[in-house]
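Protein chains in written order, with the numbering used here: chain A, 1 to 133; chain B, 1001 to 1132.
Just so you know, the hints here were simulated from the structure itself, not pulled from any lab data.
There may be inaccurate statements among the hints.
Unchecked claim - With a straight-line cut-off of 30 Å between C-alpha atoms, the simulated DSSO-like cross-links for lysine-lysine are: (1) B/Lys1088 x A/Lys88; (2) A/Lys65 x B/Lys1060; (3) B/Lys1034 x A/Lys76; (4) B/Lys1035 x A/Lys23; (5) A/Lys88 x B/Lys1060; (6) B/Lys1098 x A/Lys88; (7) A/Lys34 x B/Lys1098; (8) A/Lys76 x B/Lys1098.
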Amino acid sequence: MRFMLTLVGPEGGYEDITPDQIKDEMRNWEAFGKEATDAGAFVAGEGLQPTETAKTVRGGRDEEKVVTDGPFAETKEQVGGFYVLECKDMDEALEWAKRCPIRDGAIEVRPVMDYAEYGFEDPAEAGATPSPS
Amino acid sequence: MMYVLALISEEGGMEDATPEEMKAVMDQWDSFTKKSVDDGSFIAGEALQPTESASTVRIKQGEEAVVSDGPFAESKEQLGGFYLLECKDLDEALEYAKQIPFQDGWVEVRPVMDFTELGYQSYSPGPVKAAA
Chain A
1 MRFMLTLVGP EGGYEDITPD QIKDEMRNWE AFGKEATDAG AFVAGEGLQP
51 TETAKTVRGG RDEEKVVTDG PFAETKEQVG GFYVLECKDM DEALEWAKRC
101 PIRDGAIEVR PVMDYAEYGF EDPAEAGATP SPS
Chain B
1001 MMYVLALISE EGGMEDATPE EMKAVMDQWD SFTKKSVDDG SFIAGEALQP
1051 TESASTVRIK QGEEAVVSDG PFAESKEQLG GFYLLECKDL DEALEYAKQI
1101 PFQDGWVEVR PVMDFTELGY QSYSPGPVKA AA
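Chain A with its partners taken away, still in its complex shape (with noise of 0.2 Å):
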C-alpha cells in the first residue's frame, strides 16, 4: 500500500545558514532517501522551490481556467516536499515519518486512493516501466 507524506512546516530559515550547515542537512536528507530506497519503500519524493514560485489554476469543468501568482494558501506553514512511500500499513509509514529529517514541521500522512476495482491502474504498473532519472 502507498503512502503519501506531505511535508508542512513555516518557509524560510535557510537565509543565515552556512555552507557547512547546509551539507549537514542535505546528508540527513539523502540519509533518509537512500533508506527508503534500500529498503524498497520509495517511490518518489522531492523537495519543493519556495512559493513564490508558485502559481495556482483555479477552475472547474467547463470553465475557463484563471491563472495567479503565488500558492493556493498564503498562510505561514506550506508544503515544502513530499515523499510516496511503498509500506505495509500505516504504522509503518508513521515511523517514516517520524525519523524524517525535519527541522521544525509537521508530516500529513495519508494512504492513497486503490483504484483497481474500477479497472483503473497506476501508469507504473501497468505496463509502463520507469526509466532512471
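Take the given structure of chain A and dock chain B to it, following the hints.
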C-alpha cells in the same frame, strides 16, 4: 525540470454518484494521466484517500515526534492528490494544470528543488515509458 501539480479541492461530493457517473469521472482522470504518460511527462501521481484517513506527525528537532489523528490543517479545502511531471518550463506545466479534469478546484504548480549543484541527485524515477 520537474513540477508538482498539487490538486486542492473541497472534499467529498462523489458520495451520491452513480456507478456510471463515477466511471465517467474516472475515465477523464485516466485519459489525463494516459496523455501525460504518452507525452513522456508522467513521473508519479496519486489520489489520496479522504483526510479522515490521515495522521499527522509533528516534528521539532530535539523533541519526541507527536502523532495525532487527522490532516495537518482542518480547512474546507484539502489536498486530494498530485502529479509529478517533467516539463520543459512553467508554461508547459500550467498547460497540464489547465487540463486537469477537476469538477471544481485549484491546482498549485511549483517547480521542484534542484540539488545537483550540491552534489545530490533526485531519487525519483524519470518519466515512465508508455506500455507498447
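Hint check:
For the suggested pair B/Lys1088 and A/Lys88, the alpha carbons sit about 36 Å apart, so the restraint of at most 30 Å is broken. A hinted pair counts as satisfied when its Cα atoms are at most 30 Å apart, and A/Lys65 with B/Lys1060 does not qualify at roughly 39 Å. In summary, the hint linking B/Lys1034 to A/Lys76 is not supported, as the alpha carbons are separated by about 36 Å, beyond the 30 Å threshold. At most 30 Å may separate the alpha-carbon atoms for a hinted pair to count; B/Lys1035 and A/Lys23 exceed this at roughly 39 Å.
The suggested pairing of A/Lys88 with B/Lys1060 holds, with an alpha-carbon distance near 26 Å, which does not exceed 30 Å. At most 30 Å may separate the alpha-carbon atoms for a hinted pair to count; B/Lys1098 and A/Lys88 exceed this at roughly 35 Å. Annotation: proposed proximity of A/Lys34 to B/Lys1098 is violated, straight-line Cα distance about 35 Å (limit 30 Å). Distance hint between A/Lys76 and B/Lys1098 is fulfilled; the C-alpha atoms sit about 27 Å from each other, no more than 30 Å.
Figure legend: structure checked against the earlier numbered hints; hints not met, in rising order: 1, 2, 3, 4, 6, 7.
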